[in-house]
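Each residue of the sequence shown is one higher than the last, beginning at 1 in this note's numbering.
By construction, these hints were calculated from the structure, which means they are not laboratory data. Keep in mind that the hints are not guaranteed to be accurate.
[Claimed, not checked] Per label pair, the in silico range of CB-to-CB distance:
#1 Asn144 / Asp181: 32 to 42 Å
#2 Gly179 / Phe150: 12 to 22 Å
#3 Ser175 / Lys5: 22 to 32 Å
#4 Lys36 / Ser189: 16 to 26 Å
#5 Lys269 / Glu148: 20 to 30 Å
#6 Lys49 / Asp246: 38 to 48 Å
#7 Ala64 / Lys141: 28 to 38 Å
#8 Ile255 / Trp111: 11 to 21 Å
#9 Asp181 / Asn80: 31 to 41 Å
[As the list claims (entries may be wrong)] No farther apart than 20 Å at their CA atoms in a straight line, the calculated lysine to aspartate or glutamate pairs in the EDC-like style are these:
#10 Lys251 / Asp121
#11 Lys79 / Glu51
#12 Lys145 / Asp259
#13 Lys26 / Glu39
#14 Lys243 / Asp121
#15 Lys182 / Glu162
#16 Lys182 / Asp30
#17 Lys258 / Glu248
#18 Lys242 / Glu123
#19 Lys66 / Asp181
#20 Lys38 / Glu51
#21 Lys131 / Asp259
#22 Lys66 / Asp4
#23 Lys103 / Asp259
#24 Lys269 / Asp166
#25 Lys26 / Glu168
#26 Lys66 / Asp30
#27 Lys243 / Glu118
#28 Lys103 / Glu161
#29 Lys86 / Glu39
#30 Lys93 / Glu51
Backbone N, C-alpha and C fix where the C-beta goes; we use that ideal spot for every residue, glycine too.
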Amino acid sequence: MINDKPNFLGIGSVRGGSTWLWTVIKSHPDFYMPSKRKEIQFFTRFYNKGENWYQKFFLNSKKAPKYQGEFTPGYLTAKNAPKRIKNLKSVEKFVLILRSPIKRAYSHFKWHLRVTGENIDFETFCTKLPKLAIENGMYYKYLNKYLEYFERDQFLILIYEEVTADPEKLLSELSSFFGVDKSLFKLPSRKNESVIPKYRKAFRFAHKIGQYLRKQDLDFLPNFFIRLGLKNIFGNEKNKIKKLTDSEQIKLFSIYKKDIESLEVLVNKSLELWTPRTKKKSVIIRER
1 MINDKPNFLG
11 IGSVRGGSTW
21 LWTVIKSHPD
31 FYMPSKRKEI
41 QFFTRFYNKG
51 ENWYQKFFLN
61 SKKAPKYQGE
71 FTPGYLTAKN
81 APKRIKNLKS
91 VEKFVLILRS
101 PIKRAYSHFK
111 WHLRVTGENI
121 DFETFCTKLP
131 KLAIENGMYY
141 KYLNKYLEYF
151 ERDQFLILIY
161 EEVTADPEKL
171 LSELSSFFGV
181 DKSLFKLPSR
191 KNESVIPKYR
201 KAFRFAHKIG
211 QYLRKQDLDF
221 LPNFFIRLGL
231 KNIFGNEKNK
241 IKKLTDSEQI
251 KLFSIYKKDI
261 ESLEVLVNKS
271 LELWTPRTKK
281 KSVIIRER
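Make the full structure from the sequences, and use the hints.
Set out below in structure tokens:
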């Protein structure tokens with residue numbers, strides 16, 4: 001009998017490489033993840049729809065897979081998600097990929113400009129939307145909430161910079177954690193990279209329509225237009241977004257420093273690679 005509940009979840013991080021990781025895991029025959037919708041958002045946005053609604057996403061598997069699950073990066077920082085997942089009584093494993101919180105924040109900034117059509121600078125983004133800009137990078141803070149409900153060995157915590165530089169390392173870690181054949185994973189040709197549309201307002205309108213259709217469980221419509229390459233008609237606004245200044249990077253690092261140090265203990269490895277490489281290196285001091 002095919003189970004209609006997930007036994008693993010991808011929970012993060014937002015703008016941290018989760019789409020790339022989802023693609024890798026989905027390529028393995030021992031895994032089933034709904035193609036209809038990557039981010040189901042059940043434990044956040046759609047919890048009021050009930051478990052029956054959620055379980056329908058997992059009924060299309062033609063055979064009983066070893067693992068079935070979904071990726072919703074927003075689960076990591078969602079206040080009620082850990083308890084709600086625990087109450088489902090089916091999830092045994094979690095996987096997440098964590099990127100330098102500074103680079104993650106900058107990526108989220110570009111995403112925000114892309115989907116809203118706004119024309120603001122990075123400092124305004126951080127001030128106006130601290131949840132998106134800052135809180136999503138407080139990895140240890142929110143992982144610690146999960147550890148109130150689950151054991152540490154139920155989590156595979158991947159570091160984006162490590163596994164993208166050495167994909168074989170990623171496959172080995174996935175194989176060991178899930179107990180599956182490493183050779184059956186397929187690596188995508190390149191990582192998913194978003195662009196800033198030239199016609200931002202038009203893209204924003206299309207994005208909102210897509211969100212509405214998914215809310216009505218009409219995923220096949222936005223999925224159809226995505227396959228047709230609809231995104232390409234909005235153009236690509238190149239070289240318009242300023243890179244982070246040294247001062248901005250240093251300021252962000254000072255905000256994340258304690259959280260990173262706590263995370264280092266949790267993952268039992270140095271995260272020195274997340275220290276900004278700026279011209280003002282002397283300002284960045286990491287106490288041990």
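Against the structure, the hints come out as follows:
Evaluation of the 32 to 42 Å hint for Asn144 and Asp181 yields a pass: the beta carbon distance comes to about 33 Å. Restraint check, Gly179 to Phe150: a C-beta distance of roughly 18 Å satisfies the suggested window 12 to 22 Å. About 24 Å separates the C-beta atoms of Ser175 and Lys5, a value consistent with the hinted range of 22 to 32 Å. Between Lys36 and Ser189, the C-beta spacing of about 23 Å keeps the proposed range 16 to 26 Å intact.
About 23 Å separates the C-beta atoms of Lys269 and Glu148, a value consistent with the hinted range of 20 to 30 Å. At roughly 46 Å, the beta-carbon separation of Lys49 and Asp246 lies within the given 38 to 48 Å, and the hint holds. Under the hint 28 to 38 Å, the C-beta atoms of Ala64 and Lys141, about 37 Å apart, fit the expected range. Here the CB-CB span from Ile255 to Trp111 is close to 20 Å, well matched to the stated 11 to 21 Å.
One distance hint, 31 to 41 Å for the beta-carbon pair Asp181 and Asn80, holds here, with the actual separation near 36 Å. This hinted pair checks out: Lys251 and Asp121 have alpha carbons roughly 15 Å apart, not beyond 20 Å. Restraint check: the Cα-Cα separation between Lys79 and Glu51 comes to about 19 Å, which is no more than 20 Å; the hinted pair holds. Restraint check for Lys145 and Asp259: satisfied, since their Cα atoms lie roughly 13 Å apart, inside the 20 Å limit.
This hinted pair checks out: Lys26 and Glu39 have alpha carbons roughly 13 Å apart, not beyond 20 Å. For the hint linking Lys243 to Asp121, the alpha-carbon distance of about 10 Å falls within 20 Å, and the restraint holds. The suggested pairing of Lys182 with Glu162 holds, with an alpha-carbon distance near 18 Å, which does not exceed 20 Å. Restraint check for Lys182 and Asp30: the C-alpha separation of about 11 Å stays at or below 20 Å, so the hint holds.
A C-alpha spacing of about 17 Å is found between Lys258 and Glu248, which places the hinted pair at or below 20 Å, so the restraint holds. A hinted pair counts as satisfied when its Cα atoms are at most 20 Å apart, and Lys242 with Glu123 qualifies at roughly 11 Å. Simply put, Lys66 and Asp181 have alpha-carbon atoms about 12 Å apart, close enough for the 20 Å limit, and the pair holds. Between Lys38 and Glu51 the alpha-carbon distance is near 17 Å, which keeps this suggested pair within the 20 Å criterion.
Note on Lys131 and Asp259: the hinted pairing holds, with a Cα-Cα distance of about 16 Å set against a maximum of 20 Å. With a C-alpha separation of about 13 Å, the suggested pair Lys66 and Asp4 falls inside the 20 Å cut-off, and the hint holds. As the CA atoms of Lys103 and Asp259 are separated by approximately 15 Å, the hinted pair is consistent with the 20 Å bound. Of the supplied pair hints, the one linking Lys269 and Asp166 holds, its CA atoms being roughly 16 Å apart against a limit of 20 Å.
In summary, the hint linking Lys26 to Glu168 is supported, as the alpha carbons are separated by about 16 Å, within the 20 Å threshold. The straight-line distance between the Cα atoms of Lys66 and Asp30 is roughly 5 Å, inside the 20 Å bound, and the hint therefore holds. Of the pairs offered as hints, the one joining Lys243 and Glu118 holds, with about 17 Å between alpha carbons and a cut-off of 20 Å not exceeded. Between Lys103 and Glu161, the direct Cα distance comes to roughly 11 Å. Compliance with the 20 Å bound is thereby established for this hinted pair.
A C-alpha spacing of about 19 Å is found between Lys86 and Glu39, which places the hinted pair at or below 20 Å, so the restraint holds. Between Lys93 and Glu51, the direct Cα distance comes to roughly 19 Å. Compliance with the 20 Å bound is thereby established for this hinted pair.
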